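For reference, the chains in residue letters:
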Amino acid sequence: MIRKEPRLYYRVFVWSGTLRLFHWTLAFSTFILILTGIYIHYPPITTKWAEFKPLYIMATLRYWHFAAGYFFICALAVRFYLFFAGNQYERPTDFLPINKRNLKSLVYNIKFYLYLTDEHECRMGHTILAGTIYFVLFICGVVMGLTGLYLLYPETPTIAKIGHELFGTPQQARLIHYLLNWFFIFFILVHLYIAIWNDFNAPDAIISGAFSGSKMMPADLECPVEELEKIPFEK
Amino acid sequence: MFTKDHINDFAGGGVSRRTFLKGCAIAAATLGLSPDVVPKMVEAAMSPKRPPVVWLHFQECTGCSEALLRAARPDIATLILDLISLDYHETLMAAAGKQAEENLHNAITKNAGKFICVVEGGIPTKDSGIYCKIGGKTAMEILGDVAPKAKAIIAIGTCGAFGGVQAAKPNPTGAVGVQDLIKDRPIINIPGCPPNPENFLATVVQILTYGRPPELDELGRPKFAYGRKIHDHCERRPHFDEGRFVERFGDPGHKKGYCLYKVGCKGPVTYSNCSVERFCNIGVWPVGVGHGCIGCTEPGFWDTMTPIYKHLPGIYIPVGGGIREQAEEIGKVAVGGAAAVIAAHAAVGIGKKLFSIRCSTENKDEEK
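Going down the list, the protein sequences come from chains A and B. By the numbering used here, the letter at position 195 of the first sequence is numbered 195, and the numbering carries on one by one without gaps. By the numbering used here, the letter at position 13 of the second sequence is numbered 13, and the numbering carries on one by one without gaps.
Misleading hints may appear alongside valid ones.
[What the hints assert, rightly or not] Pairs of lysine-lysine residues, derived as BS3-like cross-links and limited to a Cα-Cα distance of at most 30 Å, are as follows:
no. : chain 1 : residue 1 : chain 2 : residue 2
1   : A       : K161      : B       : K98
2   : A       : K161      : B       : K169
3   : B       : K98       : B       : K114
4   : B       : K137      : B       : K149
5   : B       : K151      : B       : K133
6   : B       : K133      : B       : K229
7   : B       : K332      : B       : K310
8   : B       : K169      : B       : K114
9   : B       : K169      : B       : K133
10  : B       : K229      : B       : K110
11  : B       : K40       : B       : K133
12  : A       : K111      : B       : K352
13  : B       : K229      : A       : K161
14  : B       : K151      : A       : K104
15  : B       : K133      : A       : K161
16  : B       : K110      : A       : K161
17  : B       : K223      : B       : K151
18  : B       : K256      : B       : K183
19  : B       : K353      : A       : K111
20  : B       : K256      : A       : K161
21  : B       : K40       : B       : K149
22  : A       : K111      : B       : K332
23  : B       : K149      : B       : K114
24  : B       : K352      : A       : K104
Hint data in this document are derived by calculation from the structure and do not stem from the laboratory. From a predicted model like this one, the values you see are computed outputs, not experimental measurements.
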């Protein structure tokens with residue numbers, strides 16, 4: 001076999017409770033936002049032409065959309081806080097391709113995902129490819145949050161002013177809000193696939209890590225990227 | 001203060017005292033003011049010093065003037081004979097040619113700093129503004145002569161306010177609204193295609209009564225008229241919340257008066273008092289008669305609010321349909337592409353695994 005299994009693994013604690021809370025809040029709120037958002041964008045026929053007992057469906061789904069939107073914005077605020085106050089793996093310096101080591105790692109990630117190499121980079125935090133895309137997602141999330149607030153409170157003077165400066169009329173904000181929705185749908189598909197794929201192909205156990213916060217690191221760490229931190233398991 | 005006789009004398013020229021007071025009361029109501037100010041308004045409106053108004057026409061269809069002619073609260077006669085002194089209006093004035101030009105010149109020199117300038121229509125700026133000329137002068141030159149001398153400028157209609165249809169992409173004449181050219185005068189935008197004449201009249205009465213323009217929003221529109229969303233005051237709103245939509249014009253839902261959201265109503269993103277103030281004094285307005293709002297009071301509505309029967313804009317990018325279709329096409333391709341990539345990626349992975357298992361068994365066989 002290509003991988004030397006079985007191996008001896010450390011269980012390393014990587015993701016703080018706050019980060020996991022952020023992750024799942026964002027995941028569930030995005031899920032609800034996409035489903036309700038698609039209804040709001042193009043409501044399918046739900047009510048027969050004959051008048052019958054009230055469903056109040058648009059109002060209810062908009063209510064869910066706005067409520068989920070608040071959770072979404074709060075989750076982003078928590079992530080923003082963690083950019084500065086999180087542990088070393090949660091800070092942008094660890095996962096953005098901004099230095100030589102990270103760039104090298106990025107090239108390596110891409111090769112791994114294209115089956116050009118079999119050796120998995122056992123990395124403590126996000127891989128650089130994932131981290132970069134998460135960062136883009138964060139920016140898109142901020143734009144979603146701002147356009148969403150602008151559409152929800154177009155008459156509040158401060159929001160109206162900021163929204164008008166940034167996006168123009170509510171109609172233009174609505175278009176941006178709608179288009180970015182597709183990015184989130186696309187992201188969720190790829191994210192789920194890659195997470196599951198990684199669980200098959202790499203020993204880190206990242207799906208379980210999304211709950212437990214830990215990663216499995218081989219004791220005989222043989223990684224092509226040098227200087228990789230060998231941090232002993234401490235909890 | 002005024003007396004009954006005074007009003008009767010004043011209103012002798014074809015307008016009854018009752019009509020006149022009613023006009024003032026309606027103007028106060030439109031502005032959202034208390035009935036207590038009606039006497040003050042009556043006084044202001046009766047003042048012998050009627051404010052001179054110079055009405056300029058540039059790139060426009062005269063629809064705004066046409067709408068104004070149909071105003072009845074108060075009617076146009078009361079407006080131009082009793083409330084204001086309309087010194088120059090190309091459609092309504094008797095003078096023509098040189099005489100008309102003289103009238104304009106006299107009006108702006110005699111009343112410099114006192115008159116209200118109303119601008120109807122966009123102003124072309126490309127190629128030194130040669131695309132709109134009146135009496136040998138470009139619209140830019142005329143506005144440049146008149147606007148600095150005005151006390152306040154009212155840009156009536158979406159063209160005057162934001163450039164309107166002339167400014168729609170690709171804007172061949174470089175048309176702009178008044179606010180893009182004039183910076184040092186108070187400008188009140190009364191957009192709409194056409195705007196409700198009552199919003200214009202109420203603004204004029206507000207300036208007469210208080211000597212200052214009404215409170216404006218970020219786009220320079222009076223808040224009393226453009227401060228609220230059409231959607232929030234729409235009679236069909238319950239159908240929206242209920243999820244009952246017109247699918248197609250003329251379908252059973254349309255006949256029952258369901259929400260027009262799915263056939264492109266822009267009420268949710270349009271600010272105006274159409275749903276409350278209504279038009280033509282008989283309580284009609286687009287949504288009331290079964291046609292969605294087209295968003296005509298918003299800047300750039302020809303670009304951002306079209307196609308009219310789709311609720312997201314149709315900025316035409318390279319080829320094909322409106323942007324929503326395009327976005328959906330891109331969306332479909334993206335989702336389909338993602339699914340295809342995932343499938344291919346998974347297939348390669350599985351294939352590779354099978355292959356490596358076969359290789360390793362072969363190796364084992366060799367070892368044996």
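Here is what the structure says about each hint:
1. A:K161 - B:K98: 46 Å, violated
2. A:K161 - B:K169: 25 Å, holds
3. B:K98 - B:K114: Answer holds: B:K98 to B:K114 is near 24 Å, not above 30 Å.
4. B:K137 - B:K149: Holds, at about 18 Å.
5. B:K151 - B:K133: Satisfied, since the Cα-Cα distance of roughly 24 Å is no more than 30 Å.
6. B:K133 - B:K229: 37 Å, violated
7. B:K332 - B:K310: This hinted pair holds, its Cα atoms lying about 19 Å apart.
8. B:K169 - B:K114: 37 Å, violated
9. B:K169 - B:K133: Holds, at roughly 22 Å.
10. B:K229 - B:K110: 41 Å, violated
11. B:K40 - B:K133: The hint is violated at about 41 Å.
12. A:K111 - B:K352: Holds, at about 15 Å.
13. B:K229 - A:K161: With Cα atoms ~16 Å apart, B:K229 and A:K161 stay inside 30 Å; holds.
14. B:K151 - A:K104: Between B:K151 and A:K104 the Cα gap is close to 67 Å, so the pair fails against 30 Å, i.e. violated.
15. B:K133 - A:K161: With Cα atoms ~36 Å apart, B:K133 and A:K161 exceed 30 Å; violated.
16. B:K110 - A:K161: At roughly 39 Å apart (the allowed maximum being 30 Å), A:K161 and B:K110 break the hint.
17. B:K223 - B:K151: 20 Å, holds
18. B:K256 - B:K183: 49 Å, violated
19. B:K353 - A:K111: 17 Å, holds
20. B:K256 - A:K161: It is violated: about 39 Å lies between the C-alpha atoms, which goes past 30 Å.
21. B:K40 - B:K149: Holds. B:K40 to B:K149 sits at ~27 Å (cutoff 30 Å).
22. A:K111 - B:K332: The given pair, whose Cα atoms are some 27 Å apart, holds under the 30 Å limit.
23. B:K149 - B:K114: Holds. B:K149 to B:K114 sits at ~8 Å (cutoff 30 Å).
24. B:K352 - A:K104: 25 Å, holds
Taken one by one, the earlier hints fail for this structure at numbers 1, 6, 8, 10, 11, 14, 15, 16, 18, 20, listed in ascending order.
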